[in-house]
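**Student:** Sequences are here, hints too, so could you generate the full structure?
The UniProt record's numbering numbers the first residue of the sequence shown as 1 and each following residue consecutively.
Since the hints were made in silico from the structure, they are not lab data.
Mixed in with the good hints there might be a few duds.
Unchecked claim - Cross-link-like lysine to aspartate or glutamate pairs, in silico, DMTMM-like; alpha carbons within 25 angstroms at most:
#1 Lys263 x Asp398
#2 Lys263 x Glu297
#3 Lys263 x Asp321
#4 Lys255 x Glu39
#5 Lys255 x Asp398
#6 Lys263 x Asp110
#7 Lys263 x Asp109
#8 Lys255 x Asp273
#9 Lys255 x Glu316
Note that the structure is a prediction, hence the values are computed from the model and not measured.
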Amino acid sequence: MTEGYVRHVIAARVDPVIIFRMLIAHRDGGFWLDDSLGETVSYLGVGTPVETIDSFSGFDSADEFPLSRVGWIGYGARAESLGVEVGIEPQTRSTMLSVRLAVEVDHRDDEVSVIGLQRDAEFDDLVSAIEALGGQVATAPRHSPTRTAIWRDDPATYAGYIDECLTHIRNGDAYQLCLTTGIDVHGEVDVVETYCALRTVAPTRNAAYLSIGGVSLLSASPETFFTVRGRHATTSPIKGTRPRSMDPAEDYLVKRELETSEKERAENLMIVDLCRNDLSQVCVPGTVTVSSLHRVETYSTVHQLVSTVTGELLPECSAADAARVLFPAGSMTGAPKRSAVQILERLESAERGMYAGAFGYAGAGNLTLAMTIRSIVIDGSGAHIGVGGGITSGSVVDQEIAEVGVKAAAMLGVLGASPNPYLYTE
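**Tutor:** Below is the structure:
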């Protein structure tokens, strides 16, 4: 037993995909916070929607359960954090679940446990249900039918937006702008099979499935937005992307080119400086440090340039307070943040919705939020994808367009959707 909650270790070996398909999927409030790389810990469960006074306060929790709150924050919450006006939002700004019972999958020890605030009949029923699944082998995800992807902006239109970003940068209005667009795929989508396919083709430690109130978020996010452990705060922005090559020698050269690219390193450093400034507003003076700069993380389809900034929270600052100050993430706005957000508000042809927001969980004073990128949002009208990239004075239009196509490829693939015209721009 751990102080504050109870735990029962399942004796049998149980595949989390089986737990997901049999006990979690298709249930309102179902979630899977999924380290699909299998390196740390994953959580599965079903929560109850709760109302919160704003988009952030729900992530403050007084009890000792490690994930007493699970939910998402849409990009529209920038209205609260920055005080800027927003347009019509396709999804609510935030949605929160209260969780009292969950399944913990510790990939390091190959151990599955049921955890809860108390050992009651519901707890024991979940233990029995999981034990009954022992030994079952998950089948491969079913292929999606062929669908048509409808891009909000064709490559020529997006190129025009890039040119406008470059004009703003030359005029000194901003020095980086994270320009985005969107893709719609109409028709009914099997959210369960689509998520199982996504986690297979694009595994990440921040993968997730959340289904709340008729809206489902399927994410293969590689980016950690913000974490708090005790009083230790961390943010790990990503800026810099390269597609992987099937040829090992060429792939190594691609990785080295990203690692040494002056343009990408400068773009990454701009956001690191922004993150340092954001953290300095909520951390003890002198504690904000860059613990890692310009490291390359490799995933199944891309290499990413990542840095990490840390600090110690002020005594009067809660984890949710800090998240409010950092939101939206600088990697999804540009810099300076407020100016970038206002410029992009005028440039982009539609609201981002849940894309460029964050999702995750909180409990026992800790907080884990990932960026809502490389994600699919599914509602009654179909599937929706957001993609984009950072524009700086060194940006080359054709390269920026191709990067958007690379980022969209995995999501379009699991939806069986085409075309992807951004990959074939001359």
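**Student:** Would you mind marking each hint as holding or not holding in the structure?
**Tutor:** Results of checking the hints against the structure:
1. Note on Lys263 and Asp398: the hinted pairing holds, with a Cα-Cα distance of about 15 angstroms set against a maximum of 25 angstroms.
2. For the hint linking Lys263 to Glu297, the alpha-carbon distance of about 18 angstroms falls within 25 angstroms, and the restraint holds.
3. Taking the CA atoms of Lys263 and Asp321, the gap is about 33 angstroms. The hint is violated against a cut of 25 angstroms.
4. Of the pairs offered as hints, the one joining Lys255 and Glu39 holds, with about 22 angstroms between alpha carbons and a cut-off of 25 angstroms not exceeded.
5. Between the alpha carbons of Lys255 and Asp398 the distance comes to roughly 20 angstroms, so the proposed pair stays at or under 25 angstroms and holds.
6. Simply put, Lys263 and Asp110 have alpha-carbon atoms about 42 angstroms apart, too far for the 25 angstroms limit, and the pair is violated.
7. Taking the CA atoms of Lys263 and Asp109, the gap is about 41 angstroms. The hint is violated against a cut of 25 angstroms.
8. At most 25 angstroms may separate the alpha-carbon atoms for a hinted pair to count; Lys255 and Asp273 meet this at roughly 24 angstroms.
9. Of the supplied pair hints, the one linking Lys255 and Glu316 is violated, its CA atoms being roughly 42 angstroms apart against a limit of 25 angstroms.
Hints 3, 6, 7, 9 from the earlier list are contradicted by this structure; the remaining hints agree with it.
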